[in-house]
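Asker: Given the structure of chain A, go ahead and fit chain B with the ligand onto it with the hints provided.
For reference, the chains in residue letters:
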Amino acid sequence: MKFSPALESLIEALRCLPGVGPRSAQRMSLHLLERDREGAETLAQSLTEAVEKIGHCSRCRNFAEETLCEICADPRRDRSTVCVVESPADVLALEQSASYRGVYFVLMGHLSPIDGIGPDDIGLDVFQRQVTDGEVKEVILATNPTVEGEATAYFLTDMLAGTGISLTRIAHGVPLGGELEYVDGSTLAHALSGRVPVDAQR
Amino acid sequence: MRISLQPAYLLHRKPFRDSSQLLEVLTAEHGRISLVAKGVRRKARGGNTSALVQPFSPLLVSFSGRGEMKTLTHAELAGAPWMLRGERLFSGLYLNELMIRLLQRYDPHPMVFARYGETLAALASSAAAEPILRRFEMHLLEELGYRLSLEVEADTGEALDPNAWYRLDPDAGLVACAGTIPEIQRYQGSDLLAIAKDDIQGSSATTAKRLLRQALAVHLGDAPLRSRSLFRQYANAGDRQTPTQDESSL
Ligand SMILES: [Zn+2]
Numbered sequence: 001m002k003f004s005p006a007l008e009s010l011i012e013a014l015r016c017l018p019g020v021g022p023r024s025a026q027r028m029s030l031h032l033l034e035r036d037r038e039g040a041e042t043l044a045q046s047l048t049e050a051v052e053k054i055g056h057c058s059r060c061r062n063f064a065e066e067t068l069c070e071i072c073a074d075p076r077r078d079r080s081t082v083c084v085v086e087s088p089a090d091v092l093a094l095e096q097s098a099s100y101r102g103v104y105f106v107l108m109g110h111l112s113p114i115d116g117i118g119p120d121d122i123g124l125d126v127f128q129r130q131v132t133d134g135e136v137k138e139v140i141l142a143t144n145p146t147v148e149g150e151a152t153a154y155f156l157t158d159m160l161a162g163t164g165i166s167l168t169r170i171a172h173g174v175p176l177g178g179e180l181e182y183v184d185g186s187t188l189a190h191a192l193s194g195r196v197p198v199d200a201q202r
Numbered sequence: 001m002r003i004s005l006q007p008a009y010l011l012h013r014k015p016f017r018d019s020s021q022l023l024e025v026l027t028a029e030h031g032r033i034s035l036v037a038k039g040v041r042r043k044a045r046g047g048n049t050s051a052l053v054q055p056f057s058p059l060l061v062s063f064s065g066r067g068e069m070k071t072l073t074h075a076e077l078a079g080a081p082w083m084l085r086g087e088r089l090f091s092g093l094y095l096n097e098l099m100i101r102l103l104q105r106y107d108p109h110p111m112v113f114a115r116y117g118e119t120l121a122a123l124a125s126s127a128a129a130e131p132i133l134r135r136f137e138m139h140l141l142e143e144l145g146y147r148l149s150l151e152v153e154a155d156t157g158e159a160l161d162p163n164a165w166y167r168l169d170p171d172a173g174l175v176a177c178a179g180t181i182p183e184i185q186r187y188q189g190s191d192l193l194a195i196a197k198d199d200i201q202g203s204s205a206t207t208a209k210r211l212l213r214q215a216l217a218v219h220l221g222d223a224p225l226r227s228r229s230l231f232r233q234y235a236n237a238g239d240r241q242t243p244t245q246d247e248s249s250l
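Chains as they are written, first to last, in full-length UniProt numbering: chain A, 1 to 202; chain B, 1 to 250.
The set of hints was computed from the structure by calculation and includes no laboratory data.
One should not assume that every hint holds.
[Said to hold, decoys possible] Under the rule of at most 20 Å between Cα atoms (straight-line distance), these lysine to aspartate or glutamate pairs were calculated in the EDC-like manner:
(1) B:14 <-> A:125
(2) B:14 <-> A:115
(3) B:209 <-> B:199
(4) B:14 <-> B:29
(5) B:197 <-> B:151
(6) B:14 <-> A:121
(7) A:137 <-> A:121
(8) B:38 <-> B:76
(9) B:197 <-> B:158
With the rest of the complex left out, here is chain A (with noise of 0.2 Å):
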């Protein structure tokens, strides 16, 4: 049976979700027509309005609707902090966490050669500007423990060097809770390259 062709593209825009392939596509597209109109109608502004409004934030990189996000508008949040982090969901992470007052720098990536992706792509020519500005004293990089994420944190590393600039890594390791067991050998073998001397942990 073939659709109308409204339908048909309908189906085919809704494959660009992540893990959306052909029938979930058609399942969702019957789904909101014949049963949810109302909702397929708010789903349709929502994405316009979003689409038109979210563009990012002029300091951090992260999705704002204002020149500033929430977060870099925030007079509350201490600007001498800065945490480097590869994307927005890393930030939600980070402020789940609700242990954190300062500010973030979103690179949207990382640096990956391969792929072509060097460090203006990612804004850190941004960022050495926007650090080298005086307020900046303490500078997180909290990208992933992958190869790509580890050359990023060196690459910005050596960038601050001799900035003054105090930099610290986010540990990675073995989970809370998790027994050494269980832990998959590349993750101890990250923890134990990283491990500290047991006075530095107080």
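Answerer: Relative to chain A, chain B with the ligand alone:
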């Protein structure tokens, strides 16, 4: 085709359809291959294959499939991951880009695989990086059928004169040249003889870097190696103001 527990290294990965990843893998017996790792971006139940399959980790991979693209069915660590830090990590990324650019898919090079592993081990040690990289590049050229002969002149077969100048003819090899041609195009005999004896340091290291860059360029085509320019930016990141010479090891 079903291959079980093949020694391998991950060279690169990228997102592929929905929640899968496309892995570029260097294997011991099958050369460089592409593997689809299904559903790795979802939170894996139990063992997390995605965290395990990282570059510079000696792996054992099982895969199956008929077409160009095989499916990864299993992966485990074959040993401790090589911990490459700072500059060494960028050298490692360079090796991976070289493998992807120069090795054809499904063209087995067991010797390259072995040397790749040894090179990672050496880079993870405190030994000087430059000679390690140069040795690997020379080995790679040799394995691909383009051995650099550093003791004799290509056209005459005569031994190199330490005091003479030579240039690299990409098709033939080293040929004598006048000391008046641009410096960038000529190599000192004594440096070439030192490289042949695996004595890569000081002026012979600089010569080796230039020579291998020229020799590799022929096979790399027009597109520059991204990891090389990234490395240079990394080496200069601390002081972008000062114009720096090319002092990186790549
Ligand atoms: Zn912001």
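Asker: Failing hints, ascending?
Answerer: As far as the earlier hints go, 1, 4, 7 are violated by this structure, in ascending order.
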